[in-house]
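Participant: Now for the letters of each chain:
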Amino acid sequence: MVFSSAVFLFLFLPAVLGICLILPARFRNCFLFAASLLFYAWGEPRYLFLMLFSAAFNYGCGLLLERWDGRRAERRAVMILSAVVDVGLLCFFKYTDFVLQTLNALTGAAIPLLKLALPIGISFYSFQALSYIIDVYRGKVRAQHNFLDFGMYLSLFPQLIAGPIVRYSEIEHQLRRRSMNADRLTEGLLRFTVGLCKKVLLANRAGAMWTEISASAQTNPALTAWIGALAFTFQIYFDFSGYSDMAIGLGRLFGFDFPENFRYPYTAVSITDFWRRWHITLSAWFREYVYIPLGGNRKGLARQLLNLLIVWALTGLWHGAGTNFLLWGLYFFVFLALEKLFLGRLLAKLPKFVGWLYTLPVVAVSWMIFACDTPALLGSTFRALFGANGFSDPLSLYLLKSRGALLILCAVVASGLPARLWQSMKRRIGANAGTLCEIAASLPALALTLSFLIGDSYNPFLYFRF
Amino acid sequence: MKRLKIIYVTLFIGILFLFGVWVLAAKNRSFSDMENRTLKTRQEISSDFSGGDFQADLELCLADQFPLRDAAVRLQTDVRYWMGQRDIGGAYLCSGGRLVQKITDADVDLAHLKKDAGRYGRLQNTGVPVCLIPVPSAGAALRSQLPDGAAMYDLDRVYAAISEQKGDAALLDLRPAMRECGADYYRTDHHWTTRGAYEAYALWRQAHGQDVPAFEDLNPQTATEDFRGSLYAKAPASCVKGEPIVLIEAPPRLTVDADGQTISLYDLDALSQRDKYRVFLSGNHGLVTIENPDASGGTLLLVKDSFANCLVPFLARDYRRILLVDERYAAVSLMELAQSEQVDEIAVVKEACSF
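Sequence lines, in order, name chains X and L.
Heads up, the first sequence is in our numbering, so the first residue is 1 and it goes up one at a time.
Heads up, the second sequence is in our numbering, so the first residue is 1 and it goes up one at a time.
Don't read these hints as lab results, they were simulated from the structure.
Watch out, some of these pointers could steer you wrong.
[Claimed, not checked] Residues on chain X that point at chain L, a partial pick, calculated with CB under 10 Å: (1) Phe-10; (2) Leu-21; (3) Ile-22; (4) Leu-190; (5) Gly-255; (6) Thr-374; (7) Leu-377; (8) Leu-378; (9) Gly-390; (10) Phe-391.
Just so you know, even glycine gets a beta-carbon here, dropped at the ideal spot from N, CA and C.
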């Protein structure tokens, strides 16, 4: 089930929220766990057992780590075992076919592919499970004794399918102590509406544009190809940050505070800055559990670059099992390494505007590597971007005229300017009047969003590979 | 303030839920007149949960049965139009509230088209004269009315391909006639109007060396003022209004047989339904025989698609017998048919892009 679907909006969300409000607080976790399992099973009923296994297994490992307090060798073994199982399951479902394909291509063998459907959200909840086990091992958090609480944490439907990746330590106390009240419910619904608008009104429209343009990648002139790149750049941002907004809003409805995941990444003035603003919880996870354990920047420049290389190869592959995702990760490694070596110092001396002018095209090009999942498409897209089919044709101008307003709207929203203006306005008119305005604005926005959701069948889900 | 927040939350959740419950409780619509398609009803939801059919069906049903569905479809079309988008649901929104079907070069299967043109051309080998009449699509004829730079297939390329393959058959070139005015095509439908078909009829008469009656002398009558055709179903924008369908007078003693059933030239019941273009011959059939004992001409074999349906009333004035063959619905050998039915003339009337 996805948030921007009729079943979720008209049945699941109202029913689950309504029941949760009526239930006494002590039953809520149990109910949310059950609701999350239904949410999970909706898309792929066969993998329900996988989620239950992951919950039970990591729960058990957490308890063992606690019981064997002081026995270093055993604790280490448990931690490694659970990491191997969590990462193993993730790799098995996500990368087996990729590895087999690569093997077949390299050796000419014909090993049949497994063609497994990827369990939804496995990349997200596996990372959450790992964060739990590692933090218990490190003694940073205490093991969870209540299976229902732990199961709910792992499978919690608001962040199950597209993040944010909520580390156990960030949410430990909220599992037991949180409240659902009018303030939080209002905040949550407003935030959810913002996310839904981003997804349906901006991401889906930009996505339809990209789909149309990429279909003629072989013949596109440069202008069309760059309009396409811009469209996808907006699609992925509004889609992903829209999902995060919806997740954070939903979390707030049920009393949780999830970490922020995006901070206007397209205003970044360097690639380093971009990755502090884009999918923040993923970068934080890799820093905490891969980069720093590898030694981070404490073991000399050469070792730091190697660590970066490892992290970015993994980050690339985390986004999907494909050569283009690996390339995409390595592409960012190159820019991040350059910035560490000298570019960062240089950019710091220049006006911010220059940094932005360098960052945005680099990011837009990265999305083309991300979006083109076959070598043929990748090849024709890049040839088109760099003018192999001429500069422009009547169709590029038609696209600009017909979709220009949408692109401008996307750019304005992505700049964060409207949000900043509104915040300063809100300070002037007071919080209550501000909320009143937000509620008044959210209702027509919701009506418009529902119209697009109902009236337009184009509503893709981008994270089936994650 | 707290009370207001409670009201907001209750309303938000309550209204969403009401929509959901409404779909599961109220009477379901099985057809959308505006969109001209069947809708998923509650009764059709599969019970297969583990395979995922139940989930997919429920999602479709909720969207299709949404109580304000028609208003929602119209609103999102309008918003896209206001934002400057000029192609919606496969139709171009041109100035003056005209919708034109978007057909690009990639949509035209030139190889298939050539094969068919060659096949029709070879019918000439039976000794019966053959005339090919590719009807320009609205967008190809009214290019100047399309939004600037909008993609549309190259009509001249299609004509050249047909001309190259036609052999000894004649080709009636409608391009100059159809490029002249917009009145030849509906504003809400992909077909040509009765007036457009008249232009073709006039050329056909001229090619036969016959005089051409004035359109007004054929007693054209407005059958409906509120036709909203196939393109309106795809892009129901507020700026697109209903339009008339005009019918010329039918010959008095005409009999029409469609696949063994007696029908009439004009199915007036269709005018009260969604797809009012079905007023012509009640839509498409495999094989239709039209007999007019008062006519002076012989037997015409007309290979056709739906464009020919509104040309038929004109031709029915002139031919004693017309055999209509729609190859999409009838698997017949045109060669055998031409011989067994002692046909005097053969014409092929189809939209140029799928000739």
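Participant: All the hints need checking, so say for each whether the structure fits it.
Facilitator: Status of the hints after comparison with the structure:
1. Phe-10: With Cβ-Cβ at 3 Å, under 10 Å, it holds.
2. Leu-21: Status holds, d = 9 Å.
3. Ile-22: violated, 12 Å
4. Leu-190: It holds, given that the least Cβ distance between Leu-190 (chain X) and chain L is near 9 Å, below 10 Å.
5. Gly-255: Violated, about 14 Å.
6. Thr-374: violated, 19 Å
7. Leu-377: Violated - the Cβ of Leu-377 (chain X) stays beyond 10 Å from chain L, reaching only about 16 Å at its closest.
8. Leu-378: violated, 21 Å
9. Gly-390: violated, 14 Å
10. Phe-391: violated, 14 Å
In this structure, the hints that do not hold are numbers 3, 5, 6, 7, 8, 9 and 10, in rising order.
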